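Sequences listed follow chains A and B, in order.
Using my numbering, you'd call the opening residue of the first sequence number 1 and step up by one each time.
Using my numbering, you'd call the opening residue of the second sequence number 1 and step up by one each time.
Derived from the structure by calculation, the hints contain no laboratory data.
Source: prediction; values computed, not measured.
Built from N, CA and C at the ideal position, the CB exists for glycine as well.
Take these hints with a grain of salt, some might be off.
Computed beta-carbon distance windows for the label pairs [claimed, not checked]:
no., chain 1, residue 1, chain 2, residue 2, range
1, A, 31, B, 15, 55 to 61 Å
2, B, 197, A, 66, 52 to 58 Å
3, A, 23, B, 17, 44 to 50 Å
4, A, 147, B, 78, 42 to 48 Å
5, A, 147, B, 197, 55 to 61 Å
6, A, 207, B, 176, 37 to 43 Å
7, B, 74, A, 262, 27 to 33 Å
8, A, 149, B, 146, 45 to 51 Å
9, A, 108, B, 185, 30 to 36 Å
10, B, 247, A, 264, 21 to 27 Å
11, B, 194, A, 207, 44 to 50 Å
Listed next, the stretches of chain A that the computed footprint assigns to chain B, with coverage defined by at least 3 CB atoms under 8 Å from CB atoms of chain B [to be verified]:
no., stretch
12, 12-20
13, 129-141
14, 226-236
15, 268-275
16, 278-290
Each chain, letter by letter, is given below.
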Amino acid sequence: MKARTRTHAAAGVLLTPFFVLFTLVMVVPIGYAVWLSLFTEKQSGLGFGGTETVFSGLDNYTAALGDPAFREGFAVLLGYCVFYIPLMIGGALALALLIDSTLARARRFFQLALFLPHAVPGIIAALIWVYLYTPQLSPVVDAMEAGGIGFDFFAPEGALPSVINIALWEWLGYNMVIFYAALQAVDRSVLEAATVDGAGAWRTALSIKVPLIRASVVMVALFTVIGSLQLFTEPLIINKGTGSSVTSTWTPNMYAYTAAFDRNDYGLAAAASVLLALTAALLSFAVTRFTGRKGRKA
Amino acid sequence: MSSRRTSTTAGRWMSKTAVNGALVLAVLYMLLPLVWLVTAATKDTGGLLAGNAFSFEDFNLGANLSALATYSDGVYFRWYLNSLLYAGGGAVVSSLISVAAGYAFDKYRFRGKEKLFGAVLLGVLVPTTALALPMYLLASEVGIVNTYWAVLVPVLVHPFGVYLARVFSAGYIPDEALEAARIDGAGELRVFWSIGMRMIMPGFVTVFLFQFTAIWNNFFLPLVMLSDQKLFPLSLGLYAWNSNAHGEPEFYPLVVTGSLLAVVPLIVAFVSLQRHWKAGLTAGSVK
Numbered sequence: 001m002k003a004r005t006r007t008h009a010a011a012g013v014l015l016t017p018f019f020v021l022f023t024l025v026m027v028v029p030i031g032y033a034v035w036l037s038l039f040t041e042k043q044s045g046l047g048f049g050g051t052e053t054v055f056s057g058l059d060n061y062t063a064a065l066g067d068p069a070f071r072e073g074f075a076v077l078l079g080y081c082v083f084y085i086p087l088m089i090g091g092a093l094a095l096a097l098l099i100d101s102t103l104a105r106a107r108r109f110f111q112l113a114l115f116l117p118h119a120v121p122g123i124i125a126a127l128i129w130v131y132l133y134t135p136q137l138s139p140v141v142d143a144m145e146a147g148g149i150g151f152d153f154f155a156p157e158g159a160l161p162s163v164i165n166i167a168l169w170e171w172l173g174y175n176m177v178i179f180y181a182a183l184q185a186v187d188r189s190v191l192e193a194a195t196v197d198g199a200g201a202w203r204t205a206l207s208i209k210v211p212l213i214r215a216s217v218v219m220v221a222l223f224t225v226i227g228s229l230q231l232f233t234e235p236l237i238i239n240k241g242t243g244s245s246v247t248s249t250w251t252p253n254m255y256a257y258t259a260a261f262d263r264n265d266y267g268l269a270a271a272a273s274v275l276l277a278l279t280a281a282l283l284s285f286a287v288t289r290f291t292g293r294k295g296r297k298a
Numbered sequence: 001m002s003s004r005r006t007s008t009t010a011g012r013w014m015s016k017t018a019v020n021g022a023l024v025l026a027v028l029y030m031l032l033p034l035v036w037l038v039t040a041a042t043k044d045t046g047g048l049l050a051g052n053a054f055s056f057e058d059f060n061l062g063a064n065l066s067a068l069a070t071y072s073d074g075v076y077f078r079w080y081l082n083s084l085l086y087a088g089g090g091a092v093v094s095s096l097i098s099v100a101a102g103y104a105f106d107k108y109r110f111r112g113k114e115k116l117f118g119a120v121l122l123g124v125l126v127p128t129t130a131l132a133l134p135m136y137l138l139a140s141e142v143g144i145v146n147t148y149w150a151v152l153v154p155v156l157v158h159p160f161g162v163y164l165a166r167v168f169s170a171g172y173i174p175d176e177a178l179e180a181a182r183i184d185g186a187g188e189l190r191v192f193w194s195i196g197m198r199m200i201m202p203g204f205v206t207v208f209l210f211q212f213t214a215i216w217n218n219f220f221l222p223l224v225m226l227s228d229q230k231l232f233p234l235s236l237g238l239y240a241w242n243s244n245a246h247g248e249p250e251f252y253p254l255v256v257t258g259s260l261l262a263v264v265p266l267i268v269a270f271v272s273l274q275r276h277w278k279a280g281l282t283a284g285s286v287k
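Based on the sequences and whatever the hints tell you, model everything.
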């Protein structure tokens, strides 16, 4: 009994700092966002009396959902996810399998070189690529033109590929390292057994290695989905001053930021944030369910 | 028989070339923008805008560095110190908090444990940028907007770190070691500090690096919270300079050279701690 009280006290001491901060920094702001989203600031009288905050129910939600700019933001996000997520997961898996294959040389070098872009802050990655996208400044655009490929990275149809490319550059190596670490932990005798049974490198990779690291794939997929929904920095940099088609409400996150800090409409911004968080929750649920079921079938 | 062997050797050689060729291509894609960052940092405004980017002609790095050091009373290096403070201090404290919580989740039994841990996992899934705006409004009510605390306090919470720490604790700290210390009469907190902490070190380094990188790269939170340039981290400062550069191209060399220097600490941290965080990642992904 005495020992039990002692361990309870210790667990309490070790957990308290985290949960106090967790409450302050996550639980309270979520509650506050929901609360804020139910109110609207109204000009009182003829505008002389300043503003007053009135309860408006779900008006902010209908306003956000009724705004074409907000809906287009979700359409952009959908397009982004449809291309980015398969490219990211597939690319990182392919690179990890290549490095893990018996044919690869200089594994440490490849890993580190592929990982390096992740050490570049997102804002700097975006700055670098904006230079590399700009005609006249960019050796990449020059080389493409010399090869007969004319592509305007800032045109309406170029915006999505431009942003996806920056995100891939930043995160491919990072996710590759996670997959590679998981592959390293795969029991080598399983792989030897597969080789003895006559499975080639392709077959071993796709039907043995990938299913064995499913937990890591699900984890990376979850983080990729949540990260995608928060898309902000890269399009913001492309938006500022390149004259591109990326608008200040291009993604839902940018919409919320603009609503709060350009229009001072905190209620609308909070509603947009809550809708974004709900989407994240739904998608995370879908990813875990989808990958879980697929895994059980295999 | 011998012809068969030659053909498989040839096949193996071809696959080897294909595998390594694909990897080299991927590395070129990853490294060329970084090479550009290095060469571009050696150019003055004219050289940058002229566009012969991948070369060291008109070597101007020294002048760029001194411009960086002197512009606006050396505000750049102030940002640098701020970033080190936010990322270094924030990551040390948040990793300690995460490891303590992860260890408690792994080693102790108490009521409602898995429910509490479920809350932590939900925290992993909350998009942090959706929290930034309500956090800003709360911080302005408390009166800490535009102070160090506004950026430092939110980054101390790292639910994914707690999850990782629990996995690491289960993988690295055998219960027998703790039991032995208890029999020797050590108190629970002392057991955690002198046995648990020591054994979980590779996990601690992994959690620390994740958090250090995340804070160093943090942009949205400082953008929302800070207006005083003196409190800016590098990311926000460089963003401000870049916004000026469209009107005044003299800012371009400052942005590029400043970006190059801003990348250095992370590369140094990752390369020097590689052994630890990779051990950590392997352990983290097994379970």
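Evaluated hints:
{"no.": "1", "hint": "A:31 x B:15: 55 to 61 Å", "verdict": "holds (57 Å)"}
{"no.": "2", "hint": "B:197 x A:66: 52 to 58 Å", "verdict": "holds (54 Å)"}
{"no.": "3", "hint": "A:23 x B:17: 44 to 50 Å", "verdict": "violated (57 Å)"}
{"no.": "4", "hint": "A:147 x B:78: 42 to 48 Å", "verdict": "holds (45 Å)"}
{"no.": "5", "hint": "A:147 x B:197: 55 to 61 Å", "verdict": "holds (56 Å)"}
{"no.": "6", "hint": "A:207 x B:176: 37 to 43 Å", "verdict": "holds (39 Å)"}
{"no.": "7", "hint": "B:74 x A:262: 27 to 33 Å", "verdict": "holds (32 Å)"}
{"no.": "8", "hint": "A:149 x B:146: 45 to 51 Å", "verdict": "holds (47 Å)"}
{"no.": "9", "hint": "A:108 x B:185: 30 to 36 Å", "verdict": "violated (45 Å)"}
{"no.": "10", "hint": "B:247 x A:264: 21 to 27 Å", "verdict": "holds (26 Å)"}
{"no.": "11", "hint": "B:194 x A:207: 44 to 50 Å", "verdict": "holds (47 Å)"}
{"no.": "12", "hint": "12-20", "verdict": "holds (count 6)"}
{"no.": "13", "hint": "129-141", "verdict": "holds (count 7)"}
{"no.": "14", "hint": "226-236", "verdict": "holds (count 5)"}
{"no.": "15", "hint": "268-275", "verdict": "holds (count 4)"}
{"no.": "16", "hint": "278-290", "verdict": "holds (count 3)"}
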